[in-house]
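S.K.: Chains A and B, in that order, are what the protein sequence lines are. In terms of numbering that gives the first Met the number 0, the numbers along the first sequence are unbroken and rise by one, the last being 383. In terms of numbering that gives the first Met the number 0, the numbers along the second sequence are unbroken and rise by one, the last being 302.
No lab work stands behind these hints, which were simulated from the structure alone. Just so you know, not all the hints are guaranteed correct.
[To be verified] Facing chain A, according to a computed beta carbon distance under 7 Å, are these residues of chain B, among others:
no., residue
1, Gly-35
2, Thr-57
3, Asp-60
4, Ile-61
5, Pro-62
6, Asn-65
7, Ala-73
8, Gly-74
9, Gly-86
10, Asp-103
11, Ile-104
12, Val-238
13, Ile-302
If you're wondering where the values come from, they're calculated on a predicted model, not measured in any experiment. Glycine residues also receive a C-beta, built at the ideal position from the N, C-alpha and C atoms.
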Amino acid sequence: MSIMMDTGNRIAAKAAVMAKPEVVAAYPITPQTTLVEAIAEYVARKEFKGEYICVESEHSAMSACIGASAAGSRTFTATSSHGLLLMHEMLHWAALARLPIVMCNINRVIGPGWNIWVDENDSISQRDTGWIQFYCSSNQEIFDTVIQAFKLAEHEKVVLPVMVNLNAFILSHTSMPAQIPEQQTIDDYLGKYVPHWKIDIDNPTTFGNIIGPAHYTKVRWAMQDAQQKAKTLIPKIAKDWEKISGYFHGDLLEYYKCEGAEHILLAMGAIGAESKIAIDEMRKAGQKIGLARVRVIRPFPTEEIIKLGKQADLIVIDRNISVGLEGALFNEVKAALYGQSGAKATGFIAGLGGKDVTYQDIETMCRKSMKGNAKEQEWYGLEE
Amino acid sequence: MALKDLPVDECLLQGNAACPGCPATIGLRLALKALGKKTIMVVPACCTAVIESLYPHTSFDIPVMNIAFEAAAAGASGVEAALRQQGRTDITVVAWAGDGGTYDIGIQALSGALERRTNFIYICYNNQIYSNTGIQRSGATPYSAWTTTTVGGKDEFRKEMGEIILAHHIPYAAQTCISYPEDLISKITKAKNIHGPKYIEILAPCPPGWRFSMDKTVEMGRMAVDSGAWSLWECENDVMTFNGKSKLILEKKIPRKPVEEWIKYQGRFSHLFKPQRDEKRLKAIEDYIDSLWERYRKCYTKI
Numbered sequence: 000m001s002i003m004m005d006t007g008n009r010i011a012a013k014a015a016v017m018a019k020p021e022v023v024a025a026y027p028i029t030p031q032t033t034l035v036e037a038i039a040e041y042v043a044r045k046e047f048k049g050e051y052i053c054v055e056s057e058h059s060a061m062s063a064c065i066g067a068s069a070a071g072s073r074t075f076t077a078t079s080s081h082g083l084l085l086m087h088e089m090l091h092w093a094a095l096a097r098l099p100i101v102m103c104n105i106n107r108v109i110g111p112g113w114n115i116w117v118d119e120n121d122s123i124s125q126r127d128t129g130w131i132q133f134y135c136s137s138n139q140e141i142f143d144t145v146i147q148a149f150k151l152a153e154h155e156k157v158v159l160p161v162m163v164n165l166n167a168f169i170l171s172h173t174s175m176p177a178q179i180p181e182q183q184t185i186d187d188y189l190g191k192y193v194p195h196w197k198i199d200i201d202n203p204t205t206f207g208n209i210i211g212p213a214h215y216t217k218v219r220w221a222m223q224d225a226q227q228k229a230k231t232l233i234p235k236i237a238k239d240w241e242k243i244s245g246y247f248h249g250d251l252l253e254y255y256k257c258e259g260a261e262h263i264l265l266a267m268g269a270i271g272a273e274s275k276i277a278i279d280e281m282r283k284a285g286q287k288i289g290l291a292r293v294r295v296i297r298p299f300p301t302e303e304i305i306k307l308g309k310q311a312d313l314i315v316i317d318r319n320i321s322v323g324l325e326g327a328l329f330n331e332v333k334a335a336l337y338g339q340s341g342a343k344a345t346g347f348i349a350g351l352g353g354k355d356v357t358y359q360d361i362e363t364m365c366r367k368s369m370k371g372n373a374k375e376q377e378w379y380g381l382e383e
Numbered sequence: 000m001a002l003k004d005l006p007v008d009e010c011l012l013q014g015n016a017a018c019p020g021c022p023a024t025i026g027l028r029l030a031l032k033a034l035g036k037k038t039i040m041v042v043p044a045c046c047t048a049v050i051e052s053l054y055p056h057t058s059f060d061i062p063v064m065n066i067a068f069e070a071a072a073a074g075a076s077g078v079e080a081a082l083r084q085q086g087r088t089d090i091t092v093v094a095w096a097g098d099g100g101t102y103d104i105g106i107q108a109l110s111g112a113l114e115r116r117t118n119f120i121y122i123c124y125n126n127q128i129y130s131n132t133g134i135q136r137s138g139a140t141p142y143s144a145w146t147t148t149t150v151g152g153k154d155e156f157r158k159e160m161g162e163i164i165l166a167h168h169i170p171y172a173a174q175t176c177i178s179y180p181e182d183l184i185s186k187i188t189k190a191k192n193i194h195g196p197k198y199i200e201i202l203a204p205c206p207p208g209w210r211f212s213m214d215k216t217v218e219m220g221r222m223a224v225d226s227g228a229w230s231l232w233e234c235e236n237d238v239m240t241f242n243g244k245s246k247l248i249l250e251k252k253i254p255r256k257p258v259e260e261w262i263k264y265q266g267r268f269s270h271l272f273k274p275q276r277d278e279k280r281l282k283a284i285e286d287y288i289d290s291l292w293e294r295y296r297k298c299y300t301k302i
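Chain B extracted, bound-state conformation (with noise of 0.2 Å):
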């Protein structure tokens, strides 16, 4: 779907309590125009809570219902065992929740949903930390960032979700990023049209986390594709496919640009640049990522 064919009607409204320069809220915009007003979003503790705003008020045009943290992926899983019953199988139900409530502490709920196959899509906006409750490290976080609770540098890499859900062999999986609309739109339209449990994850490049200017959120998230820290793929039925310039460096057709050229402008990563070049902890970064690449074109898609 091309951006000029997007429903002009907007699910999230003026006036919600975002922070300046918020990934969420452009993911939450782009992805309530695909999903449209059919859709019930179950919603845990993570930024997009506040987001909704205070009470009696919300931001929201669509029914929310939030949860506890871990518990995303559950809760859909009684709305869409009730919407089958009421035989409301026309609306959508999408848990929306972050880094933390996906990688670490709903992992397990998630992992049962996904093996019972409810039939729900499952979006989990990374922004690679607990920023809602101030910028904590979680599973998300990449080696060596600054968190409130890795003060010298995440000491372990990431874990990789993408893998893990791989390994659920769901009808659709997909990671996409809110610096690529078409993507992001392209893979939630899809996701909305299958039947069976969807897992979408969304790179979200957080300003205050990440220490980056506002107004850079966008070109952030290009930079984490352009160096390879982040890709942009889907897997349908076990087939996984990478997308745009993703595609590109897993067909070795360009070469991936320099994690450092990407986390050279994230304050959270200062530490590696000063008061002289780390050179032993950028490596790693680059390692782990030629790693990673490597095993996407071995293990997932024979290249």
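Chain A with its partners taken away, still in its complex shape (with noise of 0.2 Å):
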């Protein structure tokens, strides 16, 4: 183990470059490019070995590592906001031909009019395309979570991609010291890739060509099926690696405070971090008040929000807003708490366009909402 004081996105990179990828292909945009940039350094110091393609878009990014993937290669990538978006259609191919790629998305605003700050409606808008999300609240959790996505994805009842989000600049670009564990400790941990299947000369298959109705419904099903495995072996895999590196950020959710909690607050993100500390001042203030950091959103920890549904009053915040409807975690918490007798939720959209959201205005949501004074959804400084 050594300490490695450095960025959200550095943090990022050293974790990638230590799951030893094969290949990695990559697009640059602010503000991911530290992440990038970290990993041509690596490149250049020989200390990654594997293929690096300096791709001109996105699209051709996601495609390279589809095409790297799909030939047996375990395969890295990272983005952000726009750049997410214009690789939608890939992302979709990419979970249907069941390819274990890794991805890290610094969540960053949506344009016009640009705005390079964060929210989540970047990753949030490509919840359908069947990739495992997680979202993550320290630079050590980046670490470990890439690790661990690495494991996730590569596993036989998985094979699927996951996406690794980290908030901008917050994280990105912010310092924190991470433990970073030997080489080879990882190399034991996460193995040699051996592809579930790959295009092959010896064994010569069409992949991906024309599929009728029955079939097609099948590969879906078995996403579907492959996404809730995944749900019982996301909290496993972090109970393993929590036996190698010390480090455990929760499973599908971190909970903080919750024994004896009346109200349960819901965030994901930095807010989750930051959430922690208006736990505590309210719980000093005498509120019966925890959290439940959302670390996964696909899939998505229905059993468990009903579990919070049955203990508590619960308070989402969302850093996103599905326009037309309302904040995307609060209408997934209360899709989940559907037929459950006498649960309460009420939702915030807060921090959009990389608006800060400090403790201080978390303690005021979870006032007003504890008071009974919250309507159902609500905009948080909307008037400023």
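Put the two chains together into one complex; each comes in its own frame, and the hints tell you how they fit.
M.R.: Put into structure tokens, the structure is as follows:
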């Protein structure tokens, strides 16, 4: 173990390089750039021995990852915002092709107008692509989650691509210490990549040709089944990694002071981290409130949310908006609670366009909800 | 390579789903004989994705990876990188795409892969239309041709993809046609043995798309070359040579036949001849081909 004091992007790059992908294909976009630049430095120093393809667009980045993964290689890429949206078609393709590609996405606002700060509408809008989605809250969690992502993606019961999300600037460009295990530890943990299928001249098959409705339905069912299996594997992988590294960031959710809580706050990403301070403050003031930081939204932790709904009234903060409906996490939490008698949830939209969300802001939202003064869904900070 | 020396083995199998008279299958069959079984083919959305047949069957005896319409060259880049890491430099990576996937939606990924010096062969079978989607105009559709999206005939001239490719200064680029099997095979064989990016474009006269009888596919390609509307050439390390009849046309040893001799057999140009001859547009077609050949002589071959 050694301590690395660096930004989220550079720690993500370190984790990716230590996982030893055979192929990285990437295209630069703010605020992901320092991540791909860090990989280029590893290439220059010959510390990364895989192929690094500097493609001409994010669409080609994901297409090249698909080609490399289909040819039997461990594959990594990173992007953000408009880059992720340009990949959209190929995100579906990678998941339907059952290719265990790992990608970091730096959550950034979608234009217009141009805005490079954080919100989560980029990855939230990709929920239906079949990718597993993690949201990190610290640089240590970024390192550990990237390693866990390879383990999960390549697991024989999953074989799906995994997206590791980290918030723009708050994590991507902020230095924090992270404990880095020895290379041998990572090598032993991940093992050599053995593809579950590949395009192979010794076994010539045609992959992805025309498919009828019956077979196609089975393909979709198998993806859903794999996501459900990932739900039980994610906690196991997190526990196994804790034994190796000493770090545990939660399973599908991270629970913080939920014992005896009558209200539980649900949030993701950097707001999830900031929420811990707000919970501490409110606990000090005698409020019975806890935090369940949502670490994974695909697969969605439905059973865990139901359990929380039985224990407490839920307060959801979304750094995204499904325009015409409500915050995406709030919407999905309510869907999970369907049919649960007495369950209550209120939702807030906050922090869009990179607007700062401090622990005081979080406290304000929670107190309003706990007093019963909040509408079912509210915008926070709209009047400013 | 003489036709009699070609491998007897077929990599494109019977029972495929191509239309009768399909030029893509002629090209595929010949190309795969030249490429051999140590080939991985990346195919975007195009007629070949249909020719492969319905899952769980296939008409290919080599591994094929289908990919999205605009992504053939990028997908092939990934395959090539993975094989290099695995030390499998004995395998030829081929992207096989139509003119829509090459001239239009896939041009960015193609240009990027060529610029990155990807070690692969990109083959465009050019039938001058989006044929798989039912005959819509592409950047390769010639001036005045009817398509379902240019009902009165296309108002614009085709783009010269060959010249765009030449601007990348890759080690090998060539144009050929399914009607000249020796030419096609020798170019693919040559490309297979050159390291770096290679581009080969095959003219593929499409009976339903061009509106001619399905037994005339080969003749239609020959007429295109005779008229100079299509040409056979190759460019190796920036040295361009013309082949077969195209060489004779370039050197003015034979005159090119009027393009009219080619288009009058195609229903897609029938509106140029009836109810009366459209002299203006017929002249524009001949002028365009003349200017193209002048450019070939002056800019590329110094003749």
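S.K.: Next item in the hint list is Ala-73 of chain B. Is there a CB on chain A closer than 7 Å to its CB?
M.R.: 4 Å, holds
S.K.: Should the interface hint for Pro-62 of chain B be scored as holding, given a Cβ-Cβ cut-off of 7 Å against chain A?
M.R.: OK, holds: Pro-62 of chain B within 7 Å of chain A, min 4 Å.
S.K.: Is the interface hint satisfied for Asp-103 of chain B? The criterion is a beta-carbon contact with chain A at less than 7 Å.
M.R.: Given a least distance of 15 Å, the restraint on Asp-103 of chain B is violated.
S.K.: Quick check on the hint: Ile-302 of chain B CB to chain A CB, less than 7 Å?
M.R.: 35 Å, violated
S.K.: Is the interface hint for Asn-65 of chain B satisfied, with its Cβ closer than 7 Å to some Cβ of chain A?
M.R.: 3 Å, holds
S.K.: Would the stated hint for Ile-61 of chain B survive a check requiring a Cβ distance to chain A of less than 7 Å?
M.R.: 5 Å, holds
S.K.: Go through the hint on Thr-57 of chain B and say holds or violated, using the shortest Cβ distance to chain A against 7 Å.
M.R.: 4 Å, holds
S.K.: Can you verify the interface hint for Asp-60 of chain B: is its Cβ closer than 7 Å to any Cβ in chain A?
M.R.: Holds, about 6 Å.
S.K.: Is the shortest C-beta separation between Val-238 of chain B and chain A less than 7 Å?
M.R.: 27 Å, violated
S.K.: Let me know if the C-beta of Ile-104 of chain B comes in closer than 7 Å to any C-beta of chain A, holds or violated.
M.R.: Hint violated; Ile-104 of chain B Cβ to chain A Cβ min 10 Å, cut 7 Å.
S.K.: Should the hint that Gly-86 of chain B touches chain A count as held when the rule is a Cβ pair under 7 Å?
M.R.: Cβ of Gly-86 of chain B sits 11 Å from chain A, so the hint is violated.
S.K.: Identify whether the interface hint at Gly-74 of chain B stands, where standing means a beta carbon of chain A within less than 7 Å of its own.
M.R.: 4 Å, holds
When held up to the earlier numbered hints, the structure conflicts with 1, 9, 10, 11, 12 and 13 and fits the remainder.
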